[in-house]
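Line by line, the protein sequences give chains A and B. Terminal number for the first sequence in my numbering: 175, no gaps in between. Terminal number for the second sequence in my numbering: 1020, no gaps in between.
Simulated from the structure, these hints should not be mistaken for laboratory data. The reader is advised that the hints may include incorrect statements.
Just a few of them, taken from the derived set where beta-carbon distance is under 10 angstroms, the chain B residues facing chain A [stated by the list, open to error]:
#: 1; residue: V875
#: 2; residue: R917
#: 3; residue: A986
#: 4; residue: A997
#: 5; residue: V1001
#: 6; residue: Q1017
Dumping the calculated DSS-like pairs for lysine-lysine here, alpha-carbon to alpha-carbon at most 30 angstroms [to be verified]:
#: 7; chain 1: A; residue 1: K99; chain 2: B; residue 2: K950
#: 8; chain 1: B; residue 1: K978; chain 2: A; residue 2: K168
#: 9; chain 1: B; residue 1: K971; chain 2: B; residue 2: K922
#: 10; chain 1: B; residue 1: K938; chain 2: B; residue 2: K978
Where a beta carbon is used, it is the ideal one built from N, C-alpha and C, also for glycine.
Letter by letter, the chains look like this.
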Amino acid sequence: MTSRVLASHALAALLLSVGCNTTNTYTSNGNGGYTSVVTNGWLAYKATVDNVREGKLDDGTMKVQIDVRSDQLNPQRFNYLFEWYDAQGMKIDSATATWQNRFIKPQETITLSAVAPTRTCSRWVLKLSDEKQPFTPNN
Amino acid sequence: MHRTSIIVPALLALIAGCQNAQYQDPQGTTLIVSLNKVDIQDFASAADAMVNSMVEAGVLAKAAHQPALLGISKVENRTDTQFDTDELVKKIRVALLKGGRAQVTQQLTLGNAKEDPLGDQANQMKRFQDGTDRQPIELPDFTLSGKILFDRTKAGSTRQVAYIFQMSLVDTATNRVVWEDEKTIVKQGNQNQVGF
C-alpha cells in the first residue's frame, strides 16, 4: 500500500512538473471581435482577455490593443506572443516576434499592444502561456 | 517494495534530470535568462518595441522615397559585456525591410565602411559604364543611431540588471531627430535560470 502511495505521489510530481502548462489562444474574427480557446483554467484566472481595440495607422497597417485582466489576489506573471495573418490566412513571420514575459498586479488590467509587421496583415492571434514557475518576488 | 525502490528514484531522476543538449525555439520561453548579459530574447524584445514604435510614429511612411532610405549610424554598446550591436540593429533592419517600410543604403556609411564591399564596387563600375557616375548619389532619408546602457544593483543576495535600449531617427533633410524611443529590460534574481 505504501509503495502504491509513493509511486502515485512521484507520478503526480512528474505530471505537475512537466504538464498542464497549455496555451490559451485568442483569435481576431476580422470584425473587431475575437474568439478564444481556453485550455488552461489557472492561466485564464490570472490573465484573461477583457477587451480588444483594433485600429489602422495612416499607412493602413493594422494595430491592436488588448486589455488583459487578473482575477488573482496575488501578483502573477505570464508570457504572451502575437502572431499575424494576411487575408488568405497565411502566417506573416516577424523578425522581432518573441514570447514576452509580463507582470500583473492582483485584480489589475493591463494593455498589450502590437503593430502588424506588414500592411497586408488583417488578423492577429494572441497566445498566452503560464510562466515557468509560480511567481515569487525573486524569480 | 523492490519495484517501488526502483521506480521512485527513476522518476525523481527524470524530474531532476541530467539534460542532454537540445535545440530550443529561439522565440520560445525555454531560453536561458541571464543576470550577467543581454540575452537573445532581450534583443528581440527591444527590437520589437523599437520597430512598433517607429512604425506607429509614421515618420518612415512620410519619406520622399518609398520605402524610405535608411542609413545606419553609430549604435554603441555601453554595457559591461561585449556583443555585436547588430544583434539588435539587424533585427530592426530585417523587420523594416520585410515590412516594406525601409531599405538600408550602402552609398553613405559610417567611416565609409561598406557592409558588402563587392556590391559597392559593382555599383561604382555600373555607374561608370552607364555614364551616371557623375550624377549625385542617393542619400538616406533617415539615419538610425542608438546606445545600449546598463545599470546593475544588488539587495542582499538578489541581483538586478537593467539594460536600456535607446534609438533615434534623424531626418537628413532637416537634421532633426524625428523619432526616439527607449526600452528598458530589467532582470532580477539570484542566479541565471533556464526558461521564463
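Okay, the hints, checked on the actual structure:
1. V875: Hint on B:V875: holds, closest Cβ of chain A at ~6 angstroms, below 10 angstroms.
2. R917: holds (8 angstroms)
3. A986: violated (15 angstroms)
4. A997: violated (19 angstroms)
5. V1001: With Cβ-Cβ at 20 angstroms, over 10 angstroms, it is violated.
6. Q1017: holds (7 angstroms)
7. A:K99 to B:K950: With a Cα-Cα distance of about 42 angstroms, the restraint between A:K99 and B:K950 is violated, given a limit of 30 angstroms.
8. B:K978 to A:K168: holds (24 angstroms)
9. B:K971 to B:K922: holds (24 angstroms)
10. B:K938 to B:K978: Given that 30 angstroms is the threshold and the Cα spacing comes to 42 angstroms, the pair is violated.
Against the hints set out earlier in the document, violations occur for numbers 3, 4, 5, 7 and 10.
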